[in-house]
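First residue of the sequence shown? That's 1 in the numbering used here, and the numbers climb one at a time after it.
Derived from the structure by calculation, the hints contain no laboratory data.
Among these hints, one or two may not hold up.
Unchecked claim - No more than 27 Å apart at the CA atoms, straight line, and that leaves these computed lysine-lysine pairs for DSS-like:
#, residue 1, residue 2
1, Lys75, Lys157
2, Lys47, Lys75
3, Lys128, Lys154
4, Lys157, Lys51
5, Lys60, Lys75
6, Lys100, Lys51
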Amino acid sequence: MGKKSNTTVDILGASITALEILKDGSNAISVIPRLGAVLARAPGLLKTIEKVYGFSGECKRLAQRTAELIRYIEKQITDNVHDIDADLTTNLEQLSVLLKAIRIDVVELKERKLVLKPPRSTNSIAEKLSDHTEALDSAWRSFGACCLLSMNRKVKKQMEWNEDQRESDENQVCHSRVRVVLTSSSVPNFSTFGLEAY
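Using the sequences provided together with the hints, build the complete structure.
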(Lines of atoms letter the chains of each structure in order from A and count residues from 1; the text may use other names and numbers.)
(Lines give C-alpha, C1' and ligand atoms only; values in the text may rest on other atoms or scores of the structure.)
Protein backbone atom coordinates (compact mmCIF):
# COMPACT_ATOMS: atom_id res chain seq x y z
CA MET A 1 0.00 0.00 0.00
CA GLY A 2 3.02 2.28 0.25
CA LYS A 3 4.69 4.13 3.04
CA LYS A 4 2.42 6.03 5.38
CA SER A 5 2.99 9.78 5.74
CA ASN A 6 2.95 11.49 9.10
CA THR A 7 -0.11 13.47 8.01
CA THR A 8 -2.22 10.43 7.16
CA VAL A 9 -1.15 8.67 10.34
CA ASP A 10 -2.12 11.75 12.35
CA ILE A 11 -5.52 11.90 10.64
CA LEU A 12 -6.26 8.26 11.37
CA GLY A 13 -4.97 8.57 14.92
CA ALA A 14 -7.12 11.66 15.46
CA SER A 15 -10.18 9.80 14.15
CA ILE A 16 -9.52 6.90 16.52
CA THR A 17 -9.07 9.25 19.46
CA ALA A 18 -12.22 11.19 18.57
CA LEU A 19 -14.31 8.01 18.40
CA GLU A 20 -12.92 6.74 21.71
CA ILE A 21 -13.78 10.07 23.36
CA LEU A 22 -17.24 9.84 21.82
CA LYS A 23 -17.65 6.33 23.18
CA ASP A 24 -16.56 7.28 26.69
CA GLY A 25 -18.46 10.57 26.82
CA SER A 26 -21.77 9.79 25.14
CA ASN A 27 -24.68 10.27 27.54
CA ALA A 28 -26.99 8.37 25.22
CA ILE A 29 -25.32 5.01 25.87
CA SER A 30 -26.97 4.63 29.27
CA VAL A 31 -30.37 5.05 27.61
CA ILE A 32 -29.63 3.17 24.38
CA PRO A 33 -27.21 0.30 25.20
CA ARG A 34 -27.02 -0.79 21.54
CA LEU A 35 -25.36 2.52 20.74
CA GLY A 36 -22.54 1.56 23.10
CA ALA A 37 -21.81 -1.57 21.06
CA VAL A 38 -21.62 0.48 17.86
CA LEU A 39 -19.37 3.13 19.42
CA ALA A 40 -17.10 0.41 20.82
CA ARG A 41 -16.66 -1.43 17.51
CA ALA A 42 -15.83 1.64 15.41
CA PRO A 43 -12.46 2.53 17.02
CA GLY A 44 -11.53 -1.16 16.89
CA LEU A 45 -12.14 -1.22 13.15
CA LEU A 46 -10.03 1.90 12.59
CA LYS A 47 -7.21 0.47 14.71
CA THR A 48 -7.28 -2.71 12.65
CA ILE A 49 -7.15 -0.72 9.41
CA GLU A 50 -4.22 1.30 10.75
CA LYS A 51 -2.36 -1.81 11.85
CA VAL A 52 -3.00 -3.88 8.75
CA TYR A 53 -3.01 -1.40 5.88
CA GLY A 54 -2.22 2.10 7.00
CA PHE A 55 -4.24 5.01 5.70
CA SER A 56 -4.20 5.18 1.92
CA GLY A 57 -6.49 4.47 -1.01
CA GLU A 58 -9.59 2.45 -0.19
CA CYS A 59 -8.45 2.07 3.42
CA LYS A 60 -8.60 5.84 3.78
CA ARG A 61 -12.13 5.97 2.36
CA LEU A 62 -13.27 3.13 4.59
CA ALA A 63 -11.78 4.68 7.72
CA GLN A 64 -13.19 8.12 6.96
CA ARG A 65 -16.64 6.76 6.20
CA THR A 66 -16.65 4.78 9.43
CA ALA A 67 -15.73 7.84 11.50
CA GLU A 68 -18.24 10.09 9.73
CA LEU A 69 -21.07 7.59 10.07
CA ILE A 70 -20.47 6.98 13.77
CA ARG A 71 -20.32 10.69 14.56
CA TYR A 72 -23.55 11.23 12.65
CA ILE A 73 -25.35 8.38 14.40
CA GLU A 74 -24.21 9.44 17.86
CA LYS A 75 -25.43 12.99 17.27
CA GLN A 76 -28.80 11.85 15.94
CA ILE A 77 -29.32 9.48 18.86
CA THR A 78 -28.24 12.08 21.43
CA ASP A 79 -30.51 14.76 19.94
CA ASN A 80 -33.49 12.39 19.87
CA VAL A 81 -32.67 10.01 22.70
CA HIS A 82 -36.28 9.72 23.91
CA ASP A 83 -37.64 8.96 20.45
CA ILE A 84 -35.69 5.75 19.81
CA ASP A 85 -38.05 2.93 18.89
CA ALA A 86 -37.67 -0.78 18.17
CA ASP A 87 -36.78 -0.23 14.50
CA LEU A 88 -33.89 2.09 15.34
CA THR A 89 -32.65 -0.30 18.00
CA THR A 90 -32.67 -3.12 15.45
CA ASN A 91 -30.83 -0.87 12.99
CA LEU A 92 -28.10 -0.22 15.56
CA GLU A 93 -27.78 -3.96 16.18
CA GLN A 94 -27.33 -4.58 12.46
CA LEU A 95 -24.71 -1.85 12.22
CA SER A 96 -22.79 -3.35 15.13
CA VAL A 97 -22.77 -6.72 13.36
CA LEU A 98 -21.63 -5.04 10.13
CA LEU A 99 -18.71 -3.26 11.80
CA LYS A 100 -17.59 -6.53 13.39
CA ALA A 101 -17.81 -8.36 10.07
CA ILE A 102 -15.80 -5.67 8.27
CA ARG A 103 -13.08 -5.79 10.91
CA ILE A 104 -12.78 -9.57 10.60
CA ASP A 105 -12.67 -9.34 6.81
CA VAL A 106 -9.98 -6.65 6.88
CA VAL A 107 -7.71 -9.05 8.76
CA GLU A 108 -8.57 -11.92 6.42
CA LEU A 109 -7.84 -9.75 3.38
CA LYS A 110 -4.37 -9.10 4.71
CA GLU A 111 -3.77 -12.83 5.08
CA ARG A 112 -5.11 -13.40 1.57
CA LYS A 113 -2.68 -10.80 0.22
CA LEU A 114 0.22 -12.89 1.47
CA VAL A 115 -1.01 -15.82 -0.63
CA LEU A 116 -1.98 -14.03 -3.85
CA LYS A 117 0.55 -12.38 -6.13
CA PRO A 118 0.34 -8.67 -6.98
CA PRO A 119 -1.29 -6.91 -8.76
CA ARG A 120 -4.09 -9.46 -8.43
CA SER A 121 -4.03 -9.31 -4.64
CA THR A 122 -3.95 -5.51 -4.61
CA ASN A 123 -6.93 -5.21 -6.96
CA SER A 124 -8.91 -7.85 -5.09
CA ILE A 125 -8.32 -6.18 -1.73
CA ALA A 126 -9.14 -2.71 -3.07
CA GLU A 127 -12.42 -3.97 -4.51
CA LYS A 128 -13.36 -5.66 -1.25
CA LEU A 129 -12.55 -2.57 0.81
CA SER A 130 -14.62 -0.52 -1.62
CA ASP A 131 -17.51 -2.95 -1.08
CA HIS A 132 -17.23 -2.40 2.67
CA THR A 133 -17.34 1.37 2.19
CA GLU A 134 -20.47 0.98 0.07
CA ALA A 135 -21.97 -1.22 2.79
CA LEU A 136 -21.42 1.59 5.29
CA ASP A 137 -23.03 4.04 2.87
CA SER A 138 -26.02 1.71 2.68
CA ALA A 139 -26.11 1.48 6.48
CA TRP A 140 -26.06 5.29 6.63
CA ARG A 141 -29.08 5.51 4.31
CA SER A 142 -30.87 2.81 6.28
CA PHE A 143 -30.29 4.61 9.57
CA GLY A 144 -31.47 7.89 8.06
CA ALA A 145 -34.64 6.23 6.78
CA CYS A 146 -35.29 4.73 10.22
CA CYS A 147 -34.86 8.15 11.81
CA LEU A 148 -37.32 9.67 9.35
CA LEU A 149 -39.90 6.94 9.95
CA SER A 150 -39.46 7.30 13.70
CA MET A 151 -39.99 11.04 13.42
CA ASN A 152 -43.12 10.53 11.30
CA ARG A 153 -44.52 8.09 13.85
CA LYS A 154 -43.81 10.58 16.62
CA VAL A 155 -45.58 13.39 14.75
CA LYS A 156 -48.54 11.14 13.96
CA LYS A 157 -48.78 10.04 17.58
CA GLN A 158 -48.64 13.67 18.73
CA MET A 159 -51.39 14.61 16.26
CA GLU A 160 -53.57 11.75 17.50
CA TRP A 161 -52.97 12.82 21.09
CA ASN A 162 -53.88 16.41 20.22
CA GLU A 163 -57.06 15.23 18.51
CA ASP A 164 -58.03 13.10 21.51
CA GLN A 165 -57.30 16.03 23.80
CA ARG A 166 -59.41 18.35 21.63
CA GLU A 167 -62.35 15.93 21.72
CA SER A 168 -61.95 15.55 25.47
CA ASP A 169 -61.96 19.32 25.94
CA GLU A 170 -65.05 19.67 23.75
CA ASN A 171 -66.84 16.99 25.75
CA GLN A 172 -65.98 18.74 28.99
CA VAL A 173 -67.32 22.03 27.65
CA CYS A 174 -70.49 20.30 26.47
CA HIS A 175 -71.03 18.63 29.85
CA SER A 176 -70.46 21.92 31.62
CA ARG A 177 -73.11 23.60 29.49
CA VAL A 178 -75.56 20.78 30.16
CA ARG A 179 -75.03 21.14 33.91
CA VAL A 180 -75.61 24.87 33.69
CA VAL A 181 -78.84 24.37 31.76
CA LEU A 182 -80.10 21.71 34.16
CA THR A 183 -79.23 23.83 37.16
CA SER A 184 -81.00 26.85 35.71
CA SER A 185 -84.13 24.88 34.78
CA SER A 186 -84.47 23.43 38.30
CA VAL A 187 -85.09 26.88 39.84
CA PRO A 188 -88.83 27.75 39.85
CA ASN A 189 -89.78 30.86 37.95
CA PHE A 190 -92.11 32.48 40.51
CA SER A 191 -92.86 35.43 38.27
CA THR A 192 -94.79 33.10 36.01
CA PHE A 193 -97.30 32.60 38.81
CA GLY A 194 -97.39 36.20 39.81
CA LEU A 195 -95.45 35.45 42.98
CA GLU A 196 -92.31 36.92 44.40
CA ALA A 197 -89.47 34.63 45.40
CA TYR A 198 -88.42 35.07 49.02
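Against the structure, the hints come out as follows:
no.: 1; hint: Lys75 to Lys157; result: holds (24 Å)
no.: 2; hint: Lys47 to Lys75; result: holds (22 Å)
no.: 3; hint: Lys128 to Lys154; result: violated (39 Å)
no.: 4; hint: Lys157 to Lys51; result: violated (48 Å)
no.: 5; hint: Lys60 to Lys75; result: holds (23 Å)
no.: 6; hint: Lys100 to Lys51; result: holds (16 Å)
When the structure is compared with the earlier hints, violations turn up for hints 3, 4 and for no others.
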